[in-house]
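*Asks:* Residue numbers (my numbering), protein chains in the order written: chain C, 2 to 286; chain Z, 192 to 284; chain R, 241 to 517.
These are calculated hints, taken from the structure and not from any lab test.
Treat each hint with caution, since some may be false.
To be verified - In the DSBU-like style, the derived pairs of lysine-lysine whose C-alpha atoms are separated by at most 35 angstroms in a straight line are:
#	chain 1	residue 1	chain 2	residue 2
1	Z	282	R	412
2	C	89	R	270
3	R	253	Z	282
4	Z	211	R	432
5	R	515	Z	211
6	Z	284	R	515
7	R	412	C	286
8	C	229	Z	282
On a predicted model such as this, the values are computed, not experimentally measured, just so you know.
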Amino acid sequence: MPGLPPGATAALKSSAFQAGATVCGVASAAAFDAHAPAGHRPGDLLPGAASVVVVGGSQPRAGDWAATSPWVLQTMGTTERIQSVGRKLAQQIESQLGYYALYVPPGTASGDTPFLSLMLAAQLAGLGSRSLAGPVLNREHGFMYWSAVITTAPLETDTVEGESACPAPPCREMWERERTTPCLKTCPADDGGCLAGTLEHGRAVRTFYDAARCNTRVHTHWVGGFQKVLEETLNETDRDRRKMLLYGDFFTRTLWAITYSSTNIAQCFECMRVCPAAHGLKEMK
Amino acid sequence: MGVFRLDPAIYNRYKDQVLKLCNSFQRIDRPGLSDRQIAEQLGLDERTVTEIRCVAERDCYPLEEWEKAIEFKRKATLEWSALALKRPDLKPK
Amino acid sequence: MTPEERIKAVGLKAGARVVGIASVEAFRAKVPEGHRPEDMLPGARSVVVAGGDGPTAGAWRCPDHRVMEITGYDLRENVAVHVMADFIEATFAHQTIQAPSLAVHGHAPPMSMMHAAELAGLGSRSLAAHIILNPEYGLLYYAALITTLPLEPDPPLAEPACPHPGCTAMYKRIGTTPCLRVCPACLSGTVKDGRIESSTYDRECCHSRAQTYGIGSFQKSLLQIVNEDDAEKRRGMIYSDFFARSIQALGFFRDSIAQCFECMRVCPVGRKYRKLQ
Numbered sequence: 002m003p004g005l006p007p008g009a010t011a012a013l014k015s016s017a018f019q020a021g022a023t024v025c026g027v028a029s030a031a032a033f034d035a036h037a038p039a040g041h042r043p044g045d046l047l048p049g050a051a052s053v054v055v056v057g058g059s060q061p062r063a064g065d066w067a068a069t070s071p072w073v074l075q076t077m078g079t080t081e082r083i084q085s086v087g088r089k090l091a092q093q094i095e096s097q098l099g100y101y102a103l104y105v106p107p108g109t110a111s112g113d114t115p116f117l118s119l120m121l122a123a124q125l126a127g128l129g130s131r132s133l134a135g136p137v138l139n140r141e142h143g144f145m146y147w148s149a150v151i152t153t154a155p156l157e158t159d160t161v162e163g164e165s166a167c168p169a170p171p172c173r174e175m176w177e178r179e180r181t182t183p184c185l186k187t188c189p190a191d192d193g194g195c196l197a198g199t200l201e202h203g204r205a206v207r208t209f210y211d212a213a214r215c216n217t218r219v220h221t222h223w224v225g226g227f228q229k230v231l232e233e234t235l236n237e238t239d240r241d242r243r244k245m246l247l248y249g250d251f252f253t254r255t256l257w258a259i260t261y262s263s264t265n266i267a268q269c270f271e272c273m274r275v276c277p278a279a280h281g282l283k284e285m286k
Numbered sequence: 192m193g194v195f196r197l198d199p200a201i202y203n204r205y206k207d208q209v210l211k212l213c214n215s216f217q218r219i220d221r222p223g224l225s226d227r228q229i230a231e232q233l234g235l236d237e238r239t240v241t242e243i244r245c246v247a248e249r250d251c252y253p254l255e256e257w258e259k260a261i262e263f264k265r266k267a268t269l270e271w272s273a274l275a276l277k278r279p280d281l282k283p284k
Numbered sequence: 241m242t243p244e245e246r247i248k249a250v251g252l253k254a255g256a257r258v259v260g261i262a263s264v265e266a267f268r269a270k271v272p273e274g275h276r277p278e279d280m281l282p283g284a285r286s287v288v289v290a291g292g293d294g295p296t297a298g299a300w301r302c303p304d305h306r307v308m309e310i311t312g313y314d315l316r317e318n319v320a321v322h323v324m325a326d327f328i329e330a331t332f333a334h335q336t337i338q339a340p341s342l343a344v345h346g347h348a349p350p351m352s353m354m355h356a357a358e359l360a361g362l363g364s365r366s367l368a369a370h371i372i373l374n375p376e377y378g379l380l381y382y383a384a385l386i387t388t389l390p391l392e393p394d395p396p397l398a399e400p401a402c403p404h405p406g407c408t409a410m411y412k413r414i415g416t417t418p419c420l421r422v423c424p425a426c427l428s429g430t431v432k433d434g435r436i437e438s439s440t441y442d443r444e445c446c447h448s449r450a451q452t453y454g455i456g457s458f459q460k461s462l463l464q465i466v467n468e469d470d471a472e473k474r475r476g477m478i479y480s481d482f483f484a485r486s487i488q489a490l491g492f493f494r495d496s497i498a499q500c501f502e503c504m505r506v507c508p509v510g511r512k513y514r515k516l517q
């Protein structure tokens, strides 16, 4: 590979694992063209982009999934850990390989739209595939958080996963019996939830996803909640009632979540909690 | 509808009792009660107690107390500095 | 090395200043139902607590109080807890979670880290806002993990860290201690036979000092702003230094976690670590 020392990709992956990544893969920047809209492709962020390095990890621990307190998953702070791995890899590519590297910001470009879809990047880097519930699931480790680095370095790319983690065998059996799956059952779009889908020839096909409603659950206490309470307060003419809104539990918790943003990234895990493929293969006591 | 709205009348009726029973004013030998325990004691539901407590925590001192806090810290730090660092020039006037 | 020693070594290497272990049974005596370790993780057996350093010795000496208000600290005890939690799940195959300590309803956290630190033998409550003082290092910040792994707990402190002998002597002389004297608005208490006899703490007054700029001040300011009918006055409030700093504190939370140190500044416990060249 011109310009890159032999074993550069393997060495980079090894660094990623040492830094705390559970999985690491590489996608070709060109692979995004068929899937991502213009403006949200690697070359739009870094001219001359050749590869996208994706790391996954800092997923909830076995204990987190077993926890009965809703606050454990809602306030745990693990997502930042995978972002630090991404940042470290970007620095390493520039300092050791001499190629441009851009750490994909985890925030949004506008509204809820990311600069580059990290889930798409994970799929194209062969690290997982979309589940019926939405998140990309890795076959060995299940649900995880992602970080990505776009680089001009022509790294060796990985192939897209041939077999997907979803639907898991127990879900296929459940579908045969009940025409639903654990995730569809826990959050059904036709009964106040977010998800609808079918299994066709053993493959998951999502037919509907209510992103706006999902947002009220995943980001209950977040920017949207802040805006809603502020609007309600300004529309309220009674001063005592305004105080109840601005000093109340919902608004206070929302401000805590915004302030301690890194530990409140996701506030709903119900579709993943019931997913047999989401928690990884390792058994815990 | 919107988010849970506490009736100001309920708030005014129970805020002092809730503040007294929770951890707002602590005694080292007597830990404050949880919202659930306060609810049982006052015959209210837990959600209402949580709401009363949250509002009361914010409400119990006026914003002027925050302004006083700024001055308190400025003076206390300088007084300590003058004494501990042997810098009498720092003593607040 | 025993499992306890291995876990503690991992935590200390990850940046914790001290690590201690409490059994889940120890929480039952004083912690109300709904806030105990087993209420967070079914089958929980042990709680491992890490204490991390606060401000540096240099920060304590700054005569401008605003510096320590935004110096912040590196939350190292949380990192240590995450590293130990990973270690326990990977090495001993037992479920482990970070104990939830972020306030979720007003000022109330799901679980008290101060209580966990006390039960893990890392410190004892003080006259100063009932802050847990480590006998060696004084003020530390605490985080904890809960695990289903049974571990040998550490005993609680044999001798409380507060009152310090110097404070006991001062109390005998003039009927007060350094912390009680510096902050009578938030604190009151008595000392008898070298022990805390009584102690009260006004958390809400303390909030205006320890979190002068933050969630509370933002809410209080915002209510005043929305209640103000005069557009000119409203503009003055929105662009005021106080409101601007309140918003900054929301954004730069790591730097603004604690904004009042006056009761700790005068506390002699752990002071030797604040004396450098």
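*Asks:* For a quick check of understanding: which of the numbered hints are violated here, in increasing order?
*Replies:* Hint check: 2, 3, 5, 7 and 8 fail, others pass.
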